[in-house]
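Those protein sequence lines, which keep their order, are chains A and B. Sequential numbering from 1027 applies to the first sequence in my numbering. Sequential numbering from 1027 applies to the second sequence in my numbering.
You can take every hint at face value.
Identical chains blur together in the list; that is why a pair holds if it fits in one copy or across any two.
Simulated pairs of lysine-lysine, BS3-like, Cα-Cα distance not exceeding 25 angstroms:
#1 Lys1499 / Lys1461
#2 Lys1676 / Lys1647
#3 Lys1310 / Lys1234
#4 Lys1249 / Lys1420
#5 Lys1267 / Lys1433
#6 Lys1653 / Lys1577
#7 Lys1630 / Lys1577
#8 Lys1420 / Lys1267
#9 Lys1225 / Lys1201
#10 Lys1249 / Lys1234
#11 Lys1044 / Lys1615
#12 Lys1676 / Lys1653
#13 Lys1676 / Lys1630
#14 Lys1461 / Lys1525
#15 Lys1577 / Lys1676
No lab work stands behind these hints: they were computed from the structure. Nothing here was measured: the structure is a model prediction, and the numbers come from that model.
2 protein chains.
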Amino acid sequence: MNTNYFSKTIPMKQVTIKDSFWNSYMELAKNKIIPYQWEALNDRIPEAEPSHCINNFKIAAGIQEGKFGGFVFQDSDLAKWIEAAAFSLVWCQNPTLEQTIDEAIDLVASAQQEDGYLDTYYIINGLEDRWTNLKDNHEMYCAGHMLEAAVAYYHATGKRKLLDCMIRLVDHIDKMFGPEDDKKKGYPGHEVLEMALMKLYAITKEEKHLNLAKYFINQRGQKPLYFELEQEENNLSFYWKDSYFQFQYYQAGLPVREQDEAVGHAVRAVYLYSGMADVARETKDDELLQACQRIWANMVHRRMYITGAIGSSSYGESFTFDYDLPNDTVYGETCASIGLVFFAHRMLQIHPRSEYADVIEKALYNGIISGISLDGTKFFYVNPLEVVPEACEKDQLRRHVKPERQKWFGCACCPPNLARTITSLASYIYTQNDKALYLHLYIGNESMIDLSGVNTKISISTSYPWDENVTIKLSPARAIESTIALRIPGWCRAYTICKNNVEIAVTKDLIQDGYLLLHDRWTEGDAIELHFEMPVQMIRSNPMVRANVGKVAIMRGPIVYCLEQEDNDLHLDWLKLPSNPRFSYHYEKDLLGGIVIVESSGLKLEDQSLKEASLYECYTKDIYTEKHLTWIPYYSWANRNVGEMLVWIKTE
Amino acid sequence: MNTNYFSKTIPMKQVTIKDSFWNSYMELAKNKIIPYQWEALNDRIPEAEPSHCINNFKIAAGIQEGKFGGFVFQDSDLAKWIEAAAFSLVWCQNPTLEQTIDEAIDLVASAQQEDGYLDTYYIINGLEDRWTNLKDNHEMYCAGHMLEAAVAYYHATGKRKLLDCMIRLVDHIDKMFGPEDDKKKGYPGHEVLEMALMKLYAITKEEKHLNLAKYFINQRGQKPLYFELEQEENNLSFYWKDSYFQFQYYQAGLPVREQDEAVGHAVRAVYLYSGMADVARETKDDELLQACQRIWANMVHRRMYITGAIGSSSYGESFTFDYDLPNDTVYGETCASIGLVFFAHRMLQIHPRSEYADVIEKALYNGIISGISLDGTKFFYVNPLEVVPEACEKDQLRRHVKPERQKWFGCACCPPNLARTITSLASYIYTQNDKALYLHLYIGNESMIDLSGVNTKISISTSYPWDENVTIKLSPARAIESTIALRIPGWCRAYTICKNNVEIAVTKDLIQDGYLLLHDRWTEGDAIELHFEMPVQMIRSNPMVRANVGKVAIMRGPIVYCLEQEDNDLHLDWLKLPSNPRFSYHYEKDLLGGIVIVESSGLKLEDQSLKEASLYECYTKDIYTEKHLTWIPYYSWANRNVGEMLVWIKTE
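Bound-form chain A, shown alone:
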């Protein structure tokens, strides 16, 4: 592996997002989701199921009497909230919020046991049973999320209290699990601790933290299988016993280095792969990296929806098999697309290849923000690409698909995951290595970044994803020679680039792995003007995808479009796109928070009054008549009336 390729991210503190598209989402996270979730964690939302989360910590800390409430992984809800809140502080200071977090951290700390152990489920229900069911009882998952929260809060505020607590918990875990003879050979049932440990290691540089992450990665799937041993020893039930999953649900069917496919529970999977990529990068482990690359290729080229959704089946919220991408029974959990971004972001730090950033962009602008309503109060867990409301109600195979976003979930993983992703967006825009500063996402921001040893202000202004232009202003403290690498989006077929309004001839040698490498001398006020042509594009699937044979999807720029009943009447399945449709588009300020609408010619099957007649008739050729079609961005669907929705449309 060429170590030159390793990149670092730019600390969030140096990047301030100022973006017409994303700022409103960040405001939602800050003003709506984070405060709302705090109320939820404290069981103060009258119409919602109680979370029990804060209560559990109080009981564990001995401040209060009572029973454990909620899921076995309930602690993680507070962790994700702290993490999101910490990220939001970086972007926008808020002493009141910071004080609330401090109080929450005090509570967490007071629940921690002498020996460093922390998990309210077992503290309340009996410590004698702790660490007996790694497979399903989420102790390491909760530890991982709380460790991520601690790292985020430390970076945001410099405060170490939670970080130190979590280091004690990690030390406790390290004493229990590892390769040594006196330790158990376990690893997380639900992954996340692996990548959390790597974040910790980046701070502490303590070998034991790295080693524990490595151990979890390497031990996973080794024979004899820990989850089997644990099952026998503790007489545990095994939900997936008769399933085709078996231990693949946990990505533990094989040692990770022997894995080739994205398998099992999709969120677990991408969290594991993220940890694998972290360890591969840090330890320059070619074999592990190759496993990451094989799994990446399998997932992205065979098991990912056009929206960046992953997880084809509600059964185990899981991957199924190659090219199995049903649009109507899909799972496509919001959290899974978020985890996909984590994985892509880590692959990008190993090799700056635009395919990784393309997937980040695809997921962010489509399958992730589809998870939240435009007013920030309702959420999708499942992100379908085709919806018939009646079927969601009356067909068990689609009962997990909701035609409208829900207020809050008992298993509230997606809303806080969305919040922490949106609030940490600044960390996804750039990476930097000794060769160049890579600009991956065209999100407006103002940043202070060291270029060739010189503190440089970089301002990006754009109305992306609606507008084709991006302006990058560089203001180094003094003139510098440096390379700026600009991602040419995968969706882009034609573009121009100017420096100070003078077009640059883009020759082949300027392009590397999907980036345009601009090596130049930069002085105060230099501007790079990018123009990405954004025509409406018709996209086809690989014909191996049965669900999409003979169909197309519509994109403009990174945005995937969809048809809603609201604009196109009932029976979206009766629509067809002519093979040479006329497209137009325009920005509508007042619709769905401001979107570019796409309009097209279309065809609609004539209702030949078979409706009330026979179910089966002698064939007569279908008659199609012209029908004007109105397309809206996929992420913005289900923000008006409940109705049908469709991404993939039949074509002539």
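Could you slot chain B onto chain A? The hints should help.
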């Protein structure tokens, strides 16, 4: 209601099937299924799960020690076996088999309790709990099947032992359940006893037998709901508590007279509707008949597959909603199509309308016999219309769909149900009322039927469904004047009819409700020659069926065709039928037991080598090249190598 329309069936003893198509199935039933099942019931099949059925009866009779084994409804397996075996005796005497049945009946009788009660599950596990869970514990279901067996054996042999036992059981049930204040207000959780009681009533003419059937029909779904009362009283669990089903699973959500739709568990549903039709006919109950007609229309015009399969979802093996007919995740239980035939047959006895016989024919030649392999040893429970073997293995939503027939099921309902249907085929061919003898099915047979008071030999010879010609020879003992009503099949667009080789001009007034009424004077040796044109037909669905928009199915005569990978290579979903395909067909004696193969021109999507490339690409128009297609009868699929199968093909 015009009582003139009521028809009776012709006793099976008077109708001997001699049919090139069906005799082989009857031989299979007689020589394979019935003997095999007897071994299975006795736990003598080494590789199969034990049935425990005979054992349970022995334990209940005190002949043997042990625990109850198998499902709560295990007794019904013996009942269905006795019924099928009894039917087979009518067709073909077999003293050894008759003796085996007699011994089985002795065993059943010795298990019966003093008070008439009979259900080995409760006899073994404790009679104190009997009749406490009508909803799920199948006592009335077992009683119903055993009563049907008793009736069949009585008709076959004149022997009353089992019949008398069952009359005692019915009397016991009658003491427990009914409108009187001292009786419980219950009814069967799984219907079948209703129609069994009507068969009993036809023999006994005892009002109490009719009244009990009427009571079960009328009480169903009345508030307060018996199943709810029973649940509370006995602290029963309710599997469908959070389901959209609730009590609709049992067709008990509403009183039956208020029902408009085919709902819930499909087998239960059609068994109920059959009982409803029986009672409506016997009691001339217009309101009840109208409910039957509404439900019939809903089921047949909105919820039935082209193969006669019903039950769109594996969830509750149930109906879902109008026009929801997915081809790949379908349930389509063999038993449900059999029950559909029961219902249709009863509607036909009320009104001789060809729509009922059309459905019987459709189900018999397609969705029912698809349930059995050509060698009679393997069975489908589920009858899909589109199969991708990999998906059946790796997608939970299709795990119930098997790409090959299975040897024998733990829940062995379909094989004996197939056996009793095939062996009783003779009862479906004719009905008779004071107006005419109706010929519903063109199945070769020799019969003795009273026409206008004269014993008449009727011989039908045909190579239906492969051949277009049917010859009906009438040999009355003396010349008679009588009406023969010949069904014009729903699939038939053109036909000719001759009497003694002289064509008859078919005028409109000769046609009534889909039957050609031939009123004539018949003498010894008269022949009616029917010629139904059997071109290959392209069939379309009502466009409300989302799964079939833009697709067609192929039929010839009553036979639905399908494509198999074996003949058409992988990727059946890449095939398209041109809008004017060229069709040809020919009989292949040695293929799949002798079938008419259909061949057609076709188109296949070119594999544009996207296979190993991107999942999503800029649209280029699909390129289709010519591809010869070979179609086989749907029922004969999965008798060669495992592979893809498809009924509905895309069309240009």
